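From first to last, the protein sequence lines stand for chains A and B.
Its first residue numbered 10, the first sequence is counted upward by one per residue in my numbering.
Its first residue numbered 685, the second sequence is counted upward by one per residue in my numbering.
To be clear, the hints were calculated from the coordinates, so they are not data collected in a lab.
Keep in mind it's a predicted model, so treat the numbers as computed, not measured.
Misleading hints may appear alongside valid ones.
For the chain A half of the interface with chain B, some residues (derived, Cβ under 7 Å), not all of them [unchecked claim]:
no.	residue
1	Asp49
2	Leu51
3	Trp86
Ideal placement from N, C-alpha and C gives every residue a C-beta, glycine not left out.
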Amino acid sequence: MSEKKNNQVSRRTFLNYTLTGVGGFMGAAMVAPMVGMAVDPLLQADGEGDFVYVMDEDEITEEPQRKTFTIDQEDGWYESQAERVAWIFRDGNGDILALSPICTHLGCIVDWGVQDDHPDQFYCPCHDGRYDKDGVNIPGTPPTEPLHVYEQRVDDGRLYLGRANPR
Amino acid sequence: MLAKIYEWIDERLDITPIWRDIADHEVPEHVNPAHHFSAFVYCFGGLTFFVTVIQVLSGMFLTMYYVPDIENAWNSVQYLQSQVAHGQIVRGMHHWGASVVTVMIFLHTLRVFFQGAYKKPRELNWVVGVLLFFVILGLGFTGYLLPWDNKAFFATQVGLEIAESVPIIGPDIKTLLAGDPNIVGAQTLTRFFAIHVFFLPAALFGLMGAHFIMIRKQGITGPL
Numbered sequence: 010m011s012e013k014k015n016n017q018v019s020r021r022t023f024l025n026y027t028l029t030g031v032g033g034f035m036g037a038a039m040v041a042p043m044v045g046m047a048v049d050p051l052l053q054a055d056g057e058g059d060f061v062y063v064m065d066e067d068e069i070t071e072e073p074q075r076k077t078f079t080i081d082q083e084d085g086w087y088e089s090q091a092e093r094v095a096w097i098f099r100d101g102n103g104d105i106l107a108l109s110p111i112c113t114h115l116g117c118i119v120d121w122g123v124q125d126d127h128p129d130q131f132y133c134p135c136h137d138g139r140y141d142k143d144g145v146n147i148p149g150t151p152p153t154e155p156l157h158v159y160e161q162r163v164d165d166g167r168l169y170l171g172r173a174n175p176r
Numbered sequence: 685m686l687a688k689i690y691e692w693i694d695e696r697l698d699i700t701p702i703w704r705d706i707a708d709h710e711v712p713e714h715v716n717p718a719h720h721f722s723a724f725v726y727c728f729g730g731l732t733f734f735v736t737v738i739q740v741l742s743g744m745f746l747t748m749y750y751v752p753d754i755e756n757a758w759n760s761v762q763y764l765q766s767q768v769a770h771g772q773i774v775r776g777m778h779h780w781g782a783s784v785v786t787v788m789i790f791l792h793t794l795r796v797f798f799q800g801a802y803k804k805p806r807e808l809n810w811v812v813g814v815l816l817f818f819v820i821l822g823l824g825f826t827g828y829l830l831p832w833d834n835k836a837f838f839a840t841q842v843g844l845e846i847a848e849s850v851p852i853i854g855p856d857i858k859t860l861l862a863g864d865p866n867i868v869g870a871q872t873l874t875r876f877f878a879i880h881v882f883f884l885p886a887a888l889f890g891l892m893g894a895h896f897i898m899i900r901k902q903g904i905t906g907p908l
C-alpha cells in the first residue's frame, strides 16, 4: 500500500468494524428483551395500598395494643392474604399512632414493654434495639431511624390502616 | 483501551494461541456461499448452534418466572406472558426457536447424510451428531409439557403412551418418565422440568463440545 493511503481505513479494518458493529447490534437485539424481562420488577408500578379496618376508635388506649389485620397481597401470579401487625395507641396529644413492628435496624420484630429495665419502650431482641413509646429510636442502640408509621383513616369511629411509611 | 486489557491478559496467560486454535481458521472455498451459492447447505450446523444459544439464553431468563408446579405453572406462564416486560417476546423466542432448532438440526443431518460426510474418518462425529439430534428432540418433548395447558398435557399423554409401546420395558420407561404409572401430574411436571433444564442441557453441552472438537481436529469434508 502506498504512503498516501496510510490514513485511509484498510479493507480489513473496515470489514472488522462493520462485522463487529452488525454482530453487536444483532446480539444486542437478541439480549435486550431478555434483560428487559429480568429487570421487570424494577419497572413495575408500586401498587397503592388499600385501607383495612383494624379496630374501633373508642377501644384505642394510651397503652400500645398489638393488633393484627390481613391485607390482600398480589405477588406476581400468586394472590394471598398477608398478615400485618400494628402497635396502636393514643400519643400525648391524643392523636392516634399506629406503628409498624418491623425494626428499622435489620427488620426483626419489636415488642412492647417486654424488657424489665425499659418497660415503656419498644424492644428488638435481635440486637437490643430500643425505641421510645412514640417509636423514636433511642440513641446508642442499633436502629438508625424511628419505627415506620401506618397511614391511617378514621371513618365513623372505625380505624383503617394503609401501608407503613418511614417518618 | 480494549487492546490494552487484551495485552495485559495475554502477557500473563498467553491466550492468543488458544484464540487462534478456536476461531482463526480459513473457510475453504467450497463451503463459502460467496463463491458457490449452493454452499449455503453448510450453514445449517452453525445455524443450529446459533439458535441453540438463543434457546439457552431465553430459557435461563424464563426460569426467573416459571414455576414447575401444577398449581402455579400455568399461572406463572400466563403472568410472564402478559404482565412482564418483554415476557411475550422472550417466551416467543423460546417457543419458535424450539421448532427452528429442530428443523435446522434435521437439515444439517440431511446435508451430512446426502454428502456422505459421515464416512471414515468421521463416523464418531456422526454418532455424536445423532445423539445430539435425540437430545434436541428430548428437549422439545420435555419442554412441551411445561406450560401445563391442555395441549401440553395431552401431547405428553400421547408421548408417554408411545414410550409405553416399547416391548417388555415400555411400562417401566413410562413410569420412569412420568414419575407415576397412571397419573400425568405433579411428579411428571417436576421430572420433565428437571430433565429439560438440567439433565438434557448437560448432555447437550458435553456432546456439542465433542462435536466441535472433532470437526476442528478432522476439518470439514472436501468438495464433492
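Against the structure, the hints:
1. Asp49: holds (4 Å)
2. Leu51: At about 9 Å, which exceeds the 7 Å cut-off, the nearest Cβ of chain B leaves the hint on Leu51 of chain A violated.
3. Trp86: Trp86 of chain A check passes; min Cβ-Cβ to chain B is 4 Å, inside 7 Å.
Of the numbered hints listed earlier, the single one contradicted by the structure is hint 2.
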